[in-house]
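> Knowing the structure of chain A, use the given hints to seat chain B on it.
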Amino acid sequence: MKKLNDDQLNELQKDLDAIRDEVLADLGERDANYIRKIIRLHRTLEIGGRVMMPFGFIPPVFVAATASLGIAKILENMEIGHNVMHGQYDWMNDPSLNSQTYEWDTACSSESWRRTHNYEHHTYTNIIGKDRDYGYAVLRLSDDERWKPWHSLQFINYVLLSTLFQWGVGLHELETEKLTRREIRLRDKIPFLKDFARKGGRQAFKDYVFFPLLTLPVAPIVLAGNVGANLIRNLWASTVIFCGHFTQDAETFSEEECEGESKGHWYLRQLTGSSNFTGGKWLHVLSGHLSYQVEHHVFPDLPAHRYPEISEKVQAVCKKHDIPYNTGTFAKQYGTVLSRIARYSLPDALRTRLEGKRELQAI
Amino acid sequence: MLARISNTKAFHWLGRQLMNRDNPAAWLDPLTETLNPMWVQEYTPARVERIIAETGDTKTFVLTPAKRWTGFQAGQHVNICTDVNGVRRTRTFSLSSSPLLWELQGQITLTIKRLPGGLVTNWMHDSLEEGDVIGLTEAFGDFQIPQPAKPALYIAGGSGITPILSQLETMAAENYRASVALLYFVRTQDDVIAREALTALAARWPALSLTIIATHEGKEPRYLKDSDLTPVTGLQVREVYLCGPKGLMDLASDLLNQRGVKEQQIHSTFFAPPAQAQLDGAQLGGEVTFTTSNLMVGSEGDANLLDIAEAAGLKPQHGCRMGICHQCSCRKTSGTVVNRLTGKVSGPGEETVQLCVSVPQGPVVLDV
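Protein chains in written order, with my numbering: chain A, 1 to 363; chain B, 1 to 368.
Next up, chain B with everything else stripped away, as it sits in the complex:
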């Protein structure tokens, strides 16, 4: 009853008048958070139920999102948000469980590999404990199971297996009617994520043919090669899904093209680890995308974002042009910038930046 009232337009309007904010329900968050973090309204809270070690550097986090979370389709991702040393960090991960687990038990899983130097993945491995609560967005992404069923080939590398796990689980449960091949590349046999789940799937679902290839066990690295595709029957009619490091995805695309697989049959997804940014004048500049204005311009050298925007004919709000007044602060949705006052390099994700003192380092996307 209360939920129904609180969802009405009038109630929301009243909330805005009284709380001076667009999400009035979150006004109480600072207080309720200390009582029960699952009551937070600003994002969808999710409790960590269990943490399972998959390999030496990969863990699966079993989460229970608050009931208002709206679910997902196999192969989609979510953003999680969490405060690390006082700073809210947002990162994207693929859901590794089948939507059935959410529908039946209200749980989801994220399978996350520790990235060398990665702030959030290391924090999750080292500091996140069972019983803790993190924030969740709604699921997104168009890496989806073919409907109606078509033969499929998955080529996965390392932690790129995670969205595929979700899809395979779902396909097996739905008794997917076409043949499915998985080529899974790992550094060594110890690095296989969810080995038990994969072997169990292959055993109970005959349509799946599973091939695990270790790349770094011999003297020479053993990467994907053309002969790996030979056993895959009817390759030209399969939908192909690529998920893994860029090197693997590029190699796979080339080999598939040579074998006559069309571009539109190939689907790929992956989140590359953040590029190591260096404070080198030659590396400054890059393509700047202003999403609200639907505009894209290139930049060179140490031109700041405010100058770039103005040169492109935009008039973003600004003030002192010297990094003092924050009039020009706005959301950066992706890309790396260097603060010209401090020389500090930003993270790659979504955050607030001061346009007048931020210099792009590679492509940057702004909410302007």
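Next comes chain A alone, as it looks inside the complex:
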């Protein structure tokens, strides 16, 4: 990790705080109009998808309905739900956009998400052992974790996690790895499991029972379309999130180096532990602007559509302090994620030999 002394960290904090203050002072109608426009688009796509779905016996309609519902779920989860729950729109004082009461369209309950994501992941980002989002306890992505034989099959785990992403995220707080290590007891998790059953049950009821039964004669088609829409969202959300922290150069940290850290050090960790990807306007919207993961991690509670606007300033701060700013095309960044999953599935001896050979070839 890039080392800065206390003065430099203070300077970094001041520089980033200045960017943040400038945006905060400018928040207003433009931001309110933006999020309401996205919400209107979401409502339109969801209604469109649900209405078209029963006519899915016509193949192009099936594709349109599934895509419409899938994109609606993506927008709701990523650009609306995730960002609202970060408190990005709390300043609007609109009870339906309140970070603490918003409930989103996915199996994970908002309560659980706010604990595991907003608090654990955003406070302890990429600290091995404290940020449970790092590899989601099913993937080995750095040599901080000792290789075990089952890691060699972790690519299968990755595909399964992506496919069933909403259920994986929903069960994240169960902390299965701590249960198997007997650090915690299952009975401590009963309140969580009840909460999960309630929210997960509600989601399954809606997409897999209620809407199919509502249009009984074509129930299988509606069921298939709804499964498809959830699958589209699962794959996309997982891909975007993996590109945010598991790319080639995204750094990891140890608990020792972060003990009693300053705000400046926290900023430094967010800058070096996250990675962006580039693309067109709608790629950013559909990723909930997590394509600007660096900006998001530095300023998690600024409205996300502001990230593209402040990106240049953040890059200038990085340049000034000689901190790497990790970005690249979507394809390139995702490529490095896949290669990271593959490389760390190998025993260290084999991995370093292969990596050494590749470096030699590069020279």
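Calculated from the structure, these hints are not laboratory results.
Honestly, I wouldn't trust all of these hints.
Claimed, not checked - Beta-carbon label-pair distances, calculated as ranges: (1) B:N36 to A:E312: 39 to 49 angstroms; (2) A:A219 to B:L35: 26 to 36 angstroms; (3) B:T32 to A:S152: 51 to 61 angstroms; (4) B:H12 to A:P347: 24 to 34 angstroms; (5) A:L216 to B:A173: 57 to 67 angstroms; (6) A:L214 to B:T32: 15 to 25 angstroms; (7) A:P59 to B:T292: 52 to 62 angstroms; (8) B:R21 to A:V51: 45 to 55 angstroms; (9) B:R21 to A:E177: 30 to 40 angstroms; (10) A:T176 to B:G106: 55 to 65 angstroms; (11) A:K357 to B:D22: 53 to 63 angstroms; (12) A:E177 to B:T92: 51 to 61 angstroms; (13) A:E312 to B:L119: 31 to 41 angstroms; (14) A:L214 to B:N36: 40 to 50 angstroms.
Using N, Cα and C, we set each Cβ at its ideal position, and we do this for glycine too.
Okay, now just chain B, sitting in the frame of chain A:
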């Protein structure tokens, strides 16, 4: 029919399952709002029918609330909500019309004075137009006409006349059987709100005796004095209603006490303009009320709300304790707080605050 179905418990349950929210009917609001703002479900929408200039700095807004609004009693208030520069603002105002206007014509009026520096009142005066829609809550407040009829004395100052207008209109229409006196204090004769309505009332309803006193027309200010109470017959048996600036209400209470009017006969109501908050270390701290926990504790200096709550034995949800994760965000129902990160001072009304970085400035009430 549809309304009846949509009010049933089962329908509401289903809505919660499908929309993931406690008020499923409001799920469509963002779309319907653009078609017709009167269809909004999240709050009761009210259309501005007419705007009447009362004085140089006071306007009366005639509103038509959506039919589901449940009405009010004379002397009660409502909260209105409206978005000003993207931020939803809630403010309390007294209804100035009689409930009869609502019952007969489906309309209500709010008479609102422009407060110097006031965000919402100035916005209403400058930007709100006929045809616009604002949000309304149900009416509340216990400033009510005595039942059965008793002699009454009203002492009003400035825009404090508004709930009294509503009561007088109602009493006149019901042919209230006891004598009613009104002492109305204004800065100058130009500042009399609803002068025509008041004179018309006094003319057609003999029980009302109306006295208007200008305080700032002479060289010396002319405030309420003991001799103003002399013409009010049978003062000791009257129910007294005070509504106006704090100075007037304090003065009136003292004079009434001296004349032997009992505390329980005196009723007062008013919404003071927001106090000008200053970023002064000595002014930080204050009484914090946690309504859900039914607890009240004092605080001093720059202790934040989260620390204060925890010191009081509460365990509010929290996370990073550095203003990042919003785990500790909760509703503040009244009071002013300073954000220790930005130094920004909050508004006095209901809003969401981050406990871990909010320092009270005077008394604060929280939904915790």
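> Please check whether E177 (chain A) and T92 (chain B) have a Cβ separation lying inside 51 to 61 angstroms.
52 angstroms, holds
> Tell me if the beta carbons of T32 (chain B) and S152 (chain A) are separated by a distance inside 51 to 61 angstroms.
55 angstroms, holds
> Are L214 (chain A) and T32 (chain B) spaced within 15 to 25 angstroms by their CB atoms?
At roughly 22 angstroms between Cβ atoms, T32 (chain B) and L214 (chain A) fall inside 15 to 25 angstroms, so the hint holds.
> May I ask you to test the hint 31 to 41 angstroms on the CB atoms belonging to E312 (chain A) and L119 (chain B)?
33 angstroms, holds
> For the range 52 to 62 angstroms, tell me whether the beta carbons of P59 (chain A) and T292 (chain B) fit it or not.
For P59 (chain A) and T292 (chain B) the Cβ distance comes to about 54 angstroms; the hint holds.
> Does the beta carbon distance between T176 (chain A) and G106 (chain B) stay inside 55 to 65 angstroms, or does it fall outside?
60 angstroms, holds
> How does the Cβ-Cβ distance of N36 (chain B) and E312 (chain A) compare with 39 to 49 angstroms: does it lie in that range?
42 angstroms, holds
> In this structure, is the beta-carbon distance linking K357 (chain A) and D22 (chain B) contained in 53 to 63 angstroms?
Given about 59 angstroms between the Cβ atoms, the range holds.
> Is it true that L214 (chain A) and N36 (chain B) lie within 40 to 50 angstroms of each other by Cβ?
27 angstroms, violated
> Cβ-Cβ distance between A219 (chain A) and L35 (chain B): within 26 to 36 angstroms?
Given about 32 angstroms between the Cβ atoms, the range holds.
> Do R21 (chain B) and V51 (chain A) keep their Cβ atoms within the hinted range of 45 to 55 angstroms?
Since R21 (chain B) and V51 (chain A) have Cβ atoms about 21 angstroms apart, the given range 45 to 55 angstroms is violated.
> A range of 24 to 34 angstroms was offered for this pair. Does it hold for the Cβ distance of H12 (chain B) and P347 (chain A)?
57 angstroms, violated
Hints 4, 8 and 14 from the earlier list are contradicted by this structure; the remaining hints agree with it.
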